[in-house]
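Hey, can you work out the whole structure from these sequences and the hints?
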Amino acid sequence: MRLCKRPLLCWGGLAVAAVFLLAAGPGLLGAAQNDKSADAAPGRQLARSAVSAPGARWTTSDHSKYEALQKDFTKPEEVTAACLSCHQMAGDQIQHTIHWTWICPDCGDGKSMGKYGKTINNFCIAVPSNEPRCTSCHIGYGWKDKKFDFADKNRIDCLVCHDTTHTYEKFPTKAGYPVTEPTLFPEDGKTYLPPDYKKITAKVGRPDRLNCGACHFYGGGGDGVKHGDLDSSMGMPKKSLDVHMDAEGLNFSCQRCHTTKDHQIAGRLYTSPAAPERISLTEADLASKIACESCHGQKPHKNDAKANDHVDKVACQSCHIPEFARVLPTKMTWDWSTAGQMNAEGKPFKKEGPYGKPVYDSKKGNFTWEKNVEPVYYWFNGAMSNMLVTDKVDPTKIVSVNHPAGSPSDGKSRIMPFKRHTGKQPFDPVNATFVIPHLFGPKDSDAYWASYDWKRAIASGMKYVDLPFSGDVGFVETEYFFPITHMVAPKERVVACGECHSAEGRLKGLPGVYVPGRDVHAGVTMVGWGAVAAAVLAVIAHGVGRMVSSSRRKGQ
Amino acid sequence: MSAQGNGKFYLYTRYERFWHWLQAALIIALAATGFEVHGSFTLFGYKRAVTVHSALGITWLVAFAFFVFWVATTGEWKQYVPTTKKMFEVMRYYGYGIFQGQPHPCPKTPDAKHNPLQRLTYLALAAALLPFMMLTGLLYWLYNDWAALGLGGLSLSAVAVAHLLGAFAILAFLVVHVYMTTTGHTPFAHIKAMCTGWEDAEDGKPEDWEKRMA
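For the protein sequence lines, the chains are A and B, in the order given.
UniProt numbering puts the last residue of the first sequence at 556; the count rises by one with no breaks.
UniProt numbering puts the last residue of the second sequence at 214; the count rises by one with no breaks.
No lab work stands behind these hints, which were simulated from the structure alone.
Just so we're clear, the structure is a prediction, and the values are computed from it rather than from any experiment.
Check the hints yourself; a few may be wrong.
[What the hints assert, rightly or not] Lysine-lysine pairs mimicking DSBU-like chemistry, simulated, CA-CA at most 35 angstroms apart: (1) K239(A) to K47(B); (2) K199(A) to K115(A); (3) K238(A) to K47(B); (4) K371(A) to K508(A); (5) K86(B) to K554(A); (6) K47(B) to K412(A).
Encoded structure:
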């Protein structure tokens with residue numbers, strides 16, 4: 001018996017079947033792969049519960065029982081000496097880190113790049129001459145001017161990173177020292193207490209998010225001022241804020257990604273790329289510089305092949321961090337040129353704006369703050385190029401104090417999200433260079449926050465760093481960029497495809513890549529629609545002609 | 001032909017009709033999703049448009065393979081052999097005769113379903129434009145494997161523009177094609193035939209070349 005009496009019909013049926021199979025295929029295949037494997041590894045789960053069980057210990061030592069710590073410390077330097085009496089390598093290690101020198105060791109001439117080099121920003125501009133205020137975030141004691149002894153190991157502040165009680169605090173204006181008696185800091189209205197060294201040293205341990213956050217959440221002098229993706233909301237984040245650091249979920253510490261070796265912490269962004277090669281943890285365990293793909297690999301999406309196809313051009317962060325500053329606001333603009341206004345009593349004042357944040361401060365000028373900020377996007381190879389205070393400034397346009405390095409054609413850069421902070425900051429219009437103002441200092445000094453005189457403050461700051469200053473003060477518009485890499489949102493909240501694949505979308509103006517949906521060749525489109533329109537017009541004319549001639553014929 | 005001269009005759013087989021309408025549906029859906037991906041409008045949402053367009057594109061490849069096989073094995077490819085015979089008459093008919101109520105110079109017969117203009121158009125479509133769209137579409141789809149395929153020098157922009165130009169050409173064809181269906185002896189005669197398979201017989205005598213070669 002013939003299986004198929006009407007061959008054409010059978011072929012047709014087969015075609016239909018094939019068509020439906022193919023159309024539905026991707027979905028079916030996806031479903032088959034959709035078993036949750038990420039957290040199904042039983043060994044991993046057991047290991048996790050073992051170390052998080054009550055009384056579980058990672059370390060083999062109990063610091064409360066060390067003899068060296070059984071004394072009443074009067075000065076923090078004594079604590080450090082006690083630490084170093086056992087941890088003999090730690091002092092030398094710290095002295096070779098950028099956390100200690102604030103200088104990037106392998107950037108340029110090895111002394112210009114870094115907070116204490118010639119790099120500047122458009123927040124408080126620069127550290128030199130302002131040390132007592134700025135170095136409250138230094139991991140050392142008493143860096144109040146350029147005579148600081150970097151070789152003195154006892155000046156290293158071990159506790160700011162290793163205090164697990166979170167009772168240890170440095171005072172904002174004391175060059176990295178904690179207080180010796182309860183002291184009120186008028187600017188934040190908070191009273192700082194002297195640390196209980198014995199209690200703290202008994203419980204030292206690995207740094208957690210709050211230790212790192214003590215400085216990195218408050219960069220620029222306040223919560224969330226600088227980064228936008230790092231603020232105090234990241235201390236105990238919910239999953240909606242950061243899927244990795246979710247305090248009730250994966251609960252990653254900072255070091256989970258910022259791997260640390262000999263106190264050298266991965267993730268520095270000056271000049272040298274953070275990840276020179278796209279290395280994977282599966283290729284080299286504990287790569288010293290790690291990126292998302294170190295854990296997730298280069299095909300991270302299980303059910304979305306097209307999303308995987310993007311990894312050659314688009315950084316994970318671009319889709320997975322839809323907005324930054326999602327809980328707390330971040331500073332977006334800072335205009336120094338309006339600083340120095342006084343109130344009716346002739347005193348400096350502050351004005352509060354939305355979010356309860358100052359929008360004017362006589363010391364600093366005007367600010368704006370924003371929440372849920374959409375990033376800007378640039379090609380990024382993992383390094384930031386920085387202008388130095390000595391570089392020439394063209395005041396006729398916005399000057400990029402730093403800028404993401406990379407290009408679409410180098411094969412290593414990817415499209416990365418950034419916070420763009422714009423500002424107006426003082427410069428020297430005669431020498432056409434940036435300037436370092438002396439901002440912080442005692443009353444009746446040259447400091448801007450004492451005398452409110454730009455000329456005096458800049459002359460003092462520039463003399464301090466031994467750089468020329470003409471005596472003229474101008475203000476130049478600047479921009480400053482921060483890579484956005486924290487605040488990774490849950491996958492349900494990723495940036496939708498259409499937000500980049502559209503003419504007015506997030507990637508508007510980004511060069512070097514053809515983005516379907518964004519890049520409309522106006523000429524081609526015109527020719528194309530022109531041809532279609534011509535066809536429409538032609539058939540209309542022909543049809544009308546037929547109707548007219550037919551009715552005429554009928555009339556005859 | 002037995003039915004020649006009066007009444008109806010069976011012109012389009014089941015597979016032909018199925019293929020025609022499947023092709024029509026695929027092309028319209030591909031155009032709708034494709035132009036959304038291009039950014040011309042928002043209808044399904046970008047992501048769905050891409051997913052559907054890709055799935056339809058692959059579906060099209062398979063369906064077209066069936067068509068090629070069918071055309072080759074049934075001998076229907078002969079319907080697409082281009083000719084210049086009567087070409088001028090057909091052009092004259094659409095440009096002039098149709099307005100005078102003259103009969104079509106090439107009445108349809110099962111042996112010659114297409115007039116010379118149709119032969120040329122459909123040949124260009126099936127042998128050039130559609131394969132071109134399949135090739136550029138497949139390349140576009142395989143974008144991430146270009147380096148592995150040794151096509152590293154290709155520009156996505158160029159492939160996208162080529163694919164887009166082809167889409168415009170198909171769209172223009174579609175406009176004219178749909179209009180031409182109304183040029184039968186009644187406005188819906190041709191569409192009805194493409195649905196039922198039965199075409200109304202018209203006057204006129206087919207020439208020898210219009211008959212199937214034995």
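Against the structure, the hints come out as follows:
no. : hint               : result
1   : K239(A) to K47(B)  : holds, 25 angstroms
2   : K199(A) to K115(A) : holds, 33 angstroms
3   : K238(A) to K47(B)  : holds, 28 angstroms
4   : K371(A) to K508(A) : holds, 22 angstroms
5   : K86(B) to K554(A)  : holds, 29 angstroms
6   : K47(B) to K412(A)  : holds, 27 angstroms
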